[in-house]
Amino acid sequence: MKSLEDLKKMREAALNKVQMREGGKDYRVVVGMATCGIAAGARPVLNRLVEETAANDYNCVVTQTGCIGMCIYEPIVEVFGKEGEHTTYIHVDPDKAARILEEHIKNGHVIEEYTVDAAVNGGK
Amino acid sequence: MMPDLATHLLEIIQNSIAAGARNVCIRVLESIVSNTIVMEVEDDGKGMSEETVRSVTDPFTTSRTTRKVGLGTSFLKGLTDACDGSLSIESELGKGTTVTAKVRRDHIDLPGMGDFGEMIMICIQGAEECDIRFEYGVDENRFLFDTAEVKEMLEGVSIAEPEILIWIRGYINEGIERVKEIGL
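Protein chains in written order, with the numbering used here: chain Y, 335 to 458; chain F, 191 to 374.
Keep in mind that the hints are not guaranteed to be accurate.
[Unchecked claim] Distance ranges between label pairs, derived from CB positions: (1) Pro378(Y) with Asp296(F): 43 to 53 Å; (2) Ser348(F) with Asn390(Y): 41 to 51 Å; (3) Lys416(Y) with Thr242(F): 39 to 49 Å; (4) Leu219(F) with Asn455(Y): 47 to 57 Å; (5) Ser221(F) with Ala452(Y): 43 to 53 Å; (6) Ser224(F) with Gly442(Y): 56 to 66 Å.
No lab work stands behind these hints, which were simulated from the structure alone. The model shown is predicted, which means the values in this text are computed figures rather than measured ones. Glycine residues also receive a C-beta, built at the ideal position from the N, C-alpha and C atoms.
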């Protein structure tokens, strides 16, 4: 059974991690959590992103945003790099989300086939 | 429509956060005795005028600027209408808003409860600076969760660290299960 006392241990662990990291994280991973995103399945996507980031200590922060006007492509996950580079992944599901973290955040490779550019240029 | 009650509430809480609330109280109170579920979201956000309150369940009312529909409160009205319930919205400009939805607990059209731990986790993740209090009850039994307490324990470590968020999700869902078991 969990108790609030658990948080003391978690606090120590989090502090150690922050010290090891020095400076902020390199990537920002942003999930669209407006009604359109949620209706399309953004909740389990966000859940998986948080779980995988915790389990693998990926070099990113996971955050939320509202509707960005491309509801047809939801769930949408945007990845922002340190130099301002920006990738928009569309129709993301939990498994795709896990792969985005592994390939893009850990290995630094954009997964072209999941991006909005691929959908638009592919004539869909 | 929304798949479960937790997602309905998530939409309402997001409105509170968009209204600049610093404190949000969420109550989900089941009563087996009176065969009702009451869900309430109370915030200290910027509030609404009487006119806005009257039109807020209209899907073509929204404060957002990216488009002209707003569905959160309309969906909730749809739910209470479908499940022998009622929806009340009390608001005062500069003070805050309280949204209370009541439904019949055994109504055949009532969706499942959903994952409240996850719902609160998502709220905290989206609005770290906001204090969220969550109360869940079955008749007289209660489970209480308050981010202010958690933040105090964490002493400066962010409540939005992924490990902490996952712990919170589990803590809340355990608490809810315990209350349900006592209630049986």
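Against the structure, the hints:
1. Remark: the range hint 43 to 53 Å for Pro378(Y) to Asp296(F) is contradicted by a beta-carbon distance near 28 Å.
2. Take Ser348(F) and Asn390(Y): their Cβ atoms lie about 18 Å apart, and the range 41 to 51 Å is violated.
3. As the Cβ distance of Lys416(Y) to Thr242(F) is approximately 41 Å, the hint placing it in 39 to 49 Å holds.
4. Our hint of 47 to 57 Å for Leu219(F) and Asn455(Y) holds, since their Cβ atoms are close to 52 Å apart.
5. A beta carbon spacing of about 51 Å between Ser221(F) and Ala452(Y) agrees with the range 43 to 53 Å that was offered as a hint.
6. Between Ser224(F) and Gly442(Y) the Cβ separation comes to about 58 Å, which falls inside the hinted range of 56 to 66 Å.
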